[in-house]
Amino acid sequence: MALALAIFGLLMLFVIIPAQTEAVDYGWLRPDTLPVVTCWVVTACGLWQATLTPAQVRPRARVVARLLLYLIVAFSAVWAMTRLGFLVLAPILVLLLNLLAGERRVAWLAAQTVCVPLVIWLLVDVLLGRPLP
Amino acid sequence: MRRLLTVLGLSLFFVSTLARAEWTPDGPLHLQIGFGAGGSTDTLGRLIASEIEEQMGWEVIVENKPGGGGVAMFSGISQAPADGQTIGIGVNIPILMNLVLRGDKLPFNADSFDYLATVTVAPLAIVAKADAPYNDFRELVAWSKENDGALLGFDAKPQEMTIRAINANNEGQFKLVSYKSGAESVQGVLGGHVAAGYSGGAHIQYVNSGDLKVLAVATADRHGYSPDTMTLREQGFDYAVEPYFFLAAPRGLPDDTRDALVAALDAAIASDRVAEMVVNTMHAEPRNLGAEGTRSKLVEGVADIRTLIDAAEG
Amino acid sequence: MTDPGTLLLGISDAFTLTNLLFVLAGIVTGQVVGAIPGIGPVMAMAIAIPFTFVLNPLAAIAFLVGINKGGLVGGAIPAILINVPGTPDAAATALDGYPLARQGKPQKAMKMALYSSVTGDTFSDVVLITVSAPLAIVALKMGPVEIFALMVFAFSIIAGLIGSSLPKGIAAGALGLLCATVGLDPEHSTPRLIFGHFELYDGFPLVAVAIGMLAVSEILRRLAVISRQGLPVIHLPEEQPREDRRVGWREYWSCRYTLLRGGCIGTVLGAIPGVGSTAAAFISYAATRHASREPDQFGKGTLHGIAATESANSSVVGANLIPLLTLGIPGSVSAALLISAFMIQGIQPGPLLFEEQGRLIYGLFGAMIMANITNLAVGLIGLRLWTRVVRAPEASIFSAALLLCIVGVYLSTGTLFVVLVMFCFALLGIVMQAFGYSTVIFIIAFFLGQRFELSLSQTLVILDGNPAALVNHPVALLLLTFAFGVIAWYGVQGRRE
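These protein sequences, in sequence, are chains A, B and C. With the numbering used here, the residue at position 71 of the first sequence is 71, and numbering never jumps. Basically the numbering used here = 1-based index in the second sequence + 133. Basically the numbering used here = 1-based index in the third sequence + 447.
Chain A on its own, in the form it takes in the complex:
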């Protein structure tokens, strides 16, 4: 992780910041001043950390896998929402999350899948007149 941080810092410094900032030839604080300074700090801290005894991080594989799974599910649900809309995706998301979390009682699942998105939709879209995706 420490080395990854240092590499990220160098990548930002030499590739991304030059490409993603505009050069300005006057004034005190140039657009890239603070990003460059922070990236040097990040790089330095990454290298410094790498010289220390590595931290004992032993993430449990199962938890990490599940975390990633949830993240992917949520992320793709939102992405799909840009095409299909809230009313289609929200119930699917709630259902999936509950199933993944081990909820198996059918009535409870059904109630949530219907009610949670419906209540949000009623409140936001119908009552307050604010558009949902």
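Derived by calculation from the structure, the hints in this document are not laboratory data. Misleading hints may appear alongside valid ones.
Stated by the list, open to error - Each computed DSS-like pair below joins lysine-lysine, with the alpha-carbon atoms no more than 25 Å apart: (1) K262(B) to K313(B); (2) K588(C) to K346(B); (3) K313(B) to K588(C).
Note that the structure is predicted; figures quoted are calculated from it, not measured.
Based on these hints, arrange chains B and C on the given structure of chain A.
Relative to the frame of chain A, chains B and C by itself:
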């Protein structure tokens, strides 16, 4: 509540003003605001929306689409279907600046829209403390030379360009201090942190209370609250910046649709409530240039900004 | 000052049944939306403003102020109960509130949060009502150089939260600053690091970063570790000694200095635009731990931790009104919304407000006092309710909360792109936590970053890049000395440990 108002509006509409315009939106009209909630554009947009709902009986949904001073919102508008269901309200200056400085990266140009109306122009001016040793901008330029530089607060790019042009061509010695808003720039002037500063309306109550004086009007025409103050142009600096609040729709609206929208907006902008807000809180007058006027403001604005940038680069 | 007649007239305007109802409605709305992760008082205010068109000015403003105040109380509730802050400013409250709840004393934690919140709020309201005019003059004298120095001072206090690993702490802060530089740069307004997304011109939206890092990352983590179906989020013991459910006067009184410190920090930072209540809460937390005789107790459920954060974040609200009412400058998004509500009523906040609208302003002060009392009452009833809600199974609570975060961020920014940004920050938060990089430092650096860079730019222009010119700014010099003093003190303390 809003439903109730809509229904009320609708019934009024049918009873009194039968068929003001033939076209009506097929479903709700989406009015997008190029800024976040809170602030002049947001407030104006919401007032106009509620006026349209009341006067026309249309359902208007207001959406905030902040980002880049309206660039994000107008990018979306330029891609939206030209059916009159989606219109946007923003300020011309950030749009013009981005068109000129990085037009190649934008998904739209000045011709990508059907322009509908302007609401008002912000009373941009350069102000200083009432007891400052200079009374107009010419004196401030001279003062900056004598004192080896003067600090000047600004909050938008064209203002910076104007002052840099004056530094380059009129021997001003200004050092520019960037502020987040006109109100903060005024605070800098009041606190004595800068010699003078730009303001788009926040200064007026201080001018009235005698704490500030106006050195120059930065728009093209003089302002009502200080009729004797000359514009920058009149003082011999050929630069003017006019921040207009304007509304536009995707290009290619059918004629009847455009006419109906223009008429609806004109009525809303002329309403007492909008006028009251513009006069009382923005210290300006409602000014609707109409569809053609708005269009030429934007299209000519691009050329003006380009000239300004050339002058600034010296 | 205005004559006492106007004052009395104004205050008596406030205490009508109609206004009480609007304040009550505002407080209830605020507490509910505050307690729901993803949506918060800012959004509720934005949604409510069009509805205030038809109200009279006092009722409209009182309603909105009620939402704002209620939201600060509400935000602490999920922070304490499920470690997911309902609003970003309650994130610091979770540091000690959640551990206390885990010890089976959620009611005690929530009551302490409520009392501290109302105390801090009342403190800053009293400051606002009594000395806002002189304070505004002091605020005017605080120029960019002084604000820059104050930022440095704030960062030095925050350094106390770095924890065991110095490089990790510094790296987290630098990353936060880096993320804050995304968007238009403060001096030349050129876009930076936006990768072609115009939505990022104004920087990463605060809500997306705060909700992603503070709420969504915790929600996902909790979902991932759910072990059995149908388990409630928090275990509430059936039988509990009375002391564990309430906060006694002696306990409250023992926190008096903490509360006062929080109130002062919140009031000072609230009077300066752009610092915000989240940073205030963390700064107060760090300062309290710094001053405490038992710093090890922090993070394990000490009442002082809760008192420090809640008093600070709530006192920001009253203090935000100081620049708003006297100068017309909004100190935060919710203050900008209040200005908008004033404008819709045809009133411009600013120097002439007290002269032209004295009666309304004193009415508003009356309404604020009324709101604080209402907040306390509603809060006491509300927390019984919330302890019921968290008896629902974990999976249900967290999946609903996740959906609400999505909806909330979408509603406040109007695009799903920002929702995806929110998930990216959730991932970043999870990774940082897993490897021991402080997300707290990251968030504060991010929140202060834009203001920091702006005031740095202003300072460089004003001083002409010459540090020696600082002698003309004694206040700034003093603050910078303090900052170095604090850092040195941390250094000495660190070595001793």
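Status of the hints after comparison with the structure:
{"no.": "1", "hint": "K262(B) to K313(B)", "result": "20 Å, holds"}
{"no.": "2", "hint": "K588(C) to K346(B)", "result": "19 Å, holds"}
{"no.": "3", "hint": "K313(B) to K588(C)", "result": "17 Å, holds"}
When the structure is compared with the earlier hints, no violation turns up for any of them.
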